[in-house]
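Colleague: So you can see what is in the structure, the chains are spelled out below.
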Amino acid sequence: MEQVAPYIPHELPIDGLPQFLRTFQYSTVTMGIVAAMFLVLLFWLGTRRLKMVPGRGQALLESFVVAFRDLVYSTMGERDGRKYLPLIGSIFLFVFTANMMGLIPMGEILGHTTGSTMVALPVGEHSILIPALTEPTKNVNSPWALGIMVFFIMHTAAILRKGPARYFDEYFTPHLGRITWPNHKPLMRTVGALILALIWAGLAGLVAWIAGHPQQNILIAMGVVGGISLVWCLVRISHQPTKVGVPNVFMFPLNAIGKVVEILSLSFRLFGNIFGGVIIIALLGGMVHQIALPIVLLAFVGIFVGAIQAFVFAMLSLTYITVEIAEEDEVEESLEGDLDTSEGTGPELKEV
Amino acid sequence: MALLEMMDDANAIDMSKYLAAGLAMGFSAIGPAIGVGFVAGKAVEGITRQPAEAGRLLRYMLIGQVIAETSGILGLVVSVILIMQGTVESWSSGASLVGAGLAVGFSAIGPGLGSGMVAGQAMASISRTPESTSKVTITMLIAQALSQNPAIFGFVVGILLIYVAGRDVAADATLTIINDVGRFLAAGVAMGMGALGPAIGIGFAGGKAVEAIGRNLDNAGLLQRTMFIGIAVSESTAIYALVVAMMLIYMA
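If you're matching them up, the sequences are chains A and B in order.
According to the numbering used here, the first sequence holds residues 1 to 352 in order.
According to the numbering used here, the second sequence holds residues 1 to 252 in order.
Pair ranges (Cβ atoms, derived): (1) B/Ala-52 to A/Lys-243: 52 to 60 angstroms; (2) A/Val-65 to B/Arg-128: 25 to 33 angstroms; (3) B/Ala-54 to A/Ala-165: 52 to 60 angstroms; (4) A/Ala-157 to B/Asn-219: 24 to 32 angstroms; (5) A/Ala-120 to B/Ala-54: 51 to 59 angstroms; (6) B/Ser-134 to A/Phe-43: 22 to 30 angstroms; (7) B/Asn-219 to A/Ile-33: 41 to 49 angstroms; (8) A/Ile-303 to B/Gly-22: 26 to 34 angstroms; (9) B/Arg-59 to A/Met-188: 58 to 66 angstroms.
Hint data in this document are derived by calculation from the structure and do not stem from the laboratory.
Backbone N, C-alpha and C define an ideal beta-carbon position, used for all residues, glycine too.
With the rest of the complex left out, here is chain B (with noise of 0.2 angstroms):
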């Protein structure tokens, strides 16, 4: 009964929003900071390796922590628009907006964790062979953009959820309701789940590629060329994770 009661009160609504940032910024600080942390901890021994090249990596470890940390940026940006968000009308506009919060949240674990993965091996390879810098760089640079991948279809399915879905929703019919907050719920789940794995995938891609540059330099482009195609492969449980999402999202 105290439910059913509470399902009638405005403002306990209103709470939805506020679950859902803390859900969203939470969850999407985790991966990011133990990735940054990670280039960095890789940058330490690179230095005490190649004391010479203490400038250059450090250089490339801000530049790679930059990128490693956008996931946590998304789920910033997410969650402050979540907390500027009017008064929620009804339930399920307020599951929709949990979905953002999920679907942002934990789709940053995975990027944070790879991209720093990616970041890391290259600070190793660069410290063994600072020759091949430019070429480590520029694959590590790739990998980690593609790395970042699902935690951007995380932030689309965030935006869609925010803005898209639980805005034309009748709001009497009670079956409606609960199926529509199921549908979010789900997709926020879907989306945010499903972007955990393949990040970390493209990651370990990412960095063995960057790390076997180090030592290869010269079949750097057939190396760069299998990364691609495996990352690729590995982005595709991120991909079907994106559609069932959309499809939870649009199907009624």
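The following block holds chain A by itself, in its conformation from the complex (with noise of 0.2 angstroms):
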């Protein structure tokens, strides 16, 4: 009998992309895979016969199904509750299922039988490799793709629901002041269109920055834009004149990196837990030749702070995205809404 090598595949035989995408880590994909497949499989055949009074298996599913429910209803209302539940639920599922996949000491047995840590299944010529079960969240880029898909939802969903200026305009928070727009008193008319004539300048001057302008360029990119700008600013006046906050420049940047670091923070929080028990069991399992021992760490360390790490992540995945569609102003308003009414928009709006 001879022995072949296993050749594990780490990249997609696609030519002209880039080597970061074609590269993976294949028992990762794998386990992603299985423990997404286990998910599907569970729940198809828990609700393939739906029944008035519910089996054992159905009063499961529909026990967690409803705790899950209550709590995102309780969280974001009934109306978004209704469009998030699926996605905070199967975050959570699929978190806690790669979490507890690592319980099975697959790996040591197959190591300590065969010598690998793969089972190569024969299918004609080829053969299909099998790695054996270990935790896919113990692999920083698993994490990190459930947390870039979280912002983009998110994300994508603030715009759809306040529209992109609003959204936007929230990166510039927390405003100077309040100010009426379009004013029809000329000093302050003026003074508000060349502050967002700036704004916009800075924007275009960053955005040629970032892409590798040269200084010639980045300034002409910024006069434009900022004529452009301050021209149509200044000439709008059609208007009805409505309260606008005055958008705040210095906090951009705080703002967008505070955007970025919440995705960073809850990928990395899933990834250090879960790296981190692997670490202590293997350590410790290698250290003390028990059975004692290793059981209960397995049980603390791989169900207790992998079930926990789980719902950690649903959670925080469920209020970021509650507070991104949230329209704050209701909290602005009621706070200013006894300092503005000294001041009186009446005689403004007679002027239109």
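The two chains are supplied separately, each in an independent frame; assemble them into the complex guided by the hints.
Modeller: Dropping the structure here:
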């Protein structure tokens, strides 16, 4: 019997893709798919024959769904909750299943018996490699993938809900104050137009700088964009005057970094905890050749920490989405309502 | 002269990884330990007030303690990674390892204290008004997880310092080496010390919110929202520290 070294695919055979998109971790990807398939199978079997009086399996799944539904509804209200419950529930279930997959020490057993952590299943001429069960979440890429997914969902939802103008306005909060706009006092109008033109020119310059243009082009872009927005702001008088916040330019970088960082910490929290658990089990399990201690450790680090971190991941995703799609003006207006009444917008409205 | 002779000795460079591992584990043990003890103390206090809820308090105490220990686990992970490193080649990579140890070690102090504070107040709240348990627990989990954010920034900076910084540095130019040593140590100190305060601040905000929800369950949504805004603002200094640490790592 000849021994063939198992070939572990780690690169997609597609030309033209950049290197970092082509390489992948075989066992992580496979285990992610296994976790997803397990959940699909479980819920397909569980919901195949639904009865009014549920059996044991249906009752288990139902109690989970009901518990999560109450949680999501109480956080974001029933209208949004109905939309986001499947997402949040799936995130929890997937992360939970993924965290639990290392509990069966299949890698150790395979390593002791066959010397390899993968089983080759012959199919015709080729063979399919089945890796041992491990947590896909202990590789940093799978928490990242989940985090990036949550990032895109929450920002797309926020843009669709609030509209681009109000969404991007939030990056410039807390506002420097509130003014009536378009304002019919010439001085206020000019100052406001200048501020807005400066913001747009600054953004244009930033984009040009990031794109790597030379200094001359950056100045031209800033001048053109700033000029156009200045003229537009000065000319635009047809709108009904409304109260708008003065954008706080200095807060933009902080707010923008904050949006990225909250997803970064979401992903790294999951990764750090699961990877830490794996390291603790490996270290102490290797040090102590006993049966009782590793089992206690597996129970504590694997089940307890894994379940809590899955719940924390789902809850934080839920909270981030809720905060992002919430209409923030409710709080702000209720705070400023008392102050605004003394100013009076009556005379300005008459001029229109 | 002795310093210069030592600088040429390869074995002397190699000590940096053990120093870094000690820094990472030693300092990251402080916060979580105090935090976990605080939770247990509050839980005991709660059980004396409400002996009927002993089982529930014990359960939620364990959950709170597990999360409060996260930063200690991160410290352990990084110190094991540091010990497992191969021979350290140059002074700049040695400095990057020590920087990683500083970043992870110091940044774990605050989060342990902060999330311990949150969980402790949650114990007090649960024992005072047991019917608020579910709201209090969820708020506690969110506040604790957010209080861990600075420790996670420290972990990210530590991993970057270990795996990215100090790897492709020319070994001959003395001035570059001194620059690099300064940069990497400064990145570690910036992130480690920068994470200390914000995490304790977030712990204050979260702890008071949890206590307030126990007192006024009807306004839990409003309290949660206010807590979230307050936490986002108090986290900003940790984000400044992260930005500065990144700049120190990447801008030569």
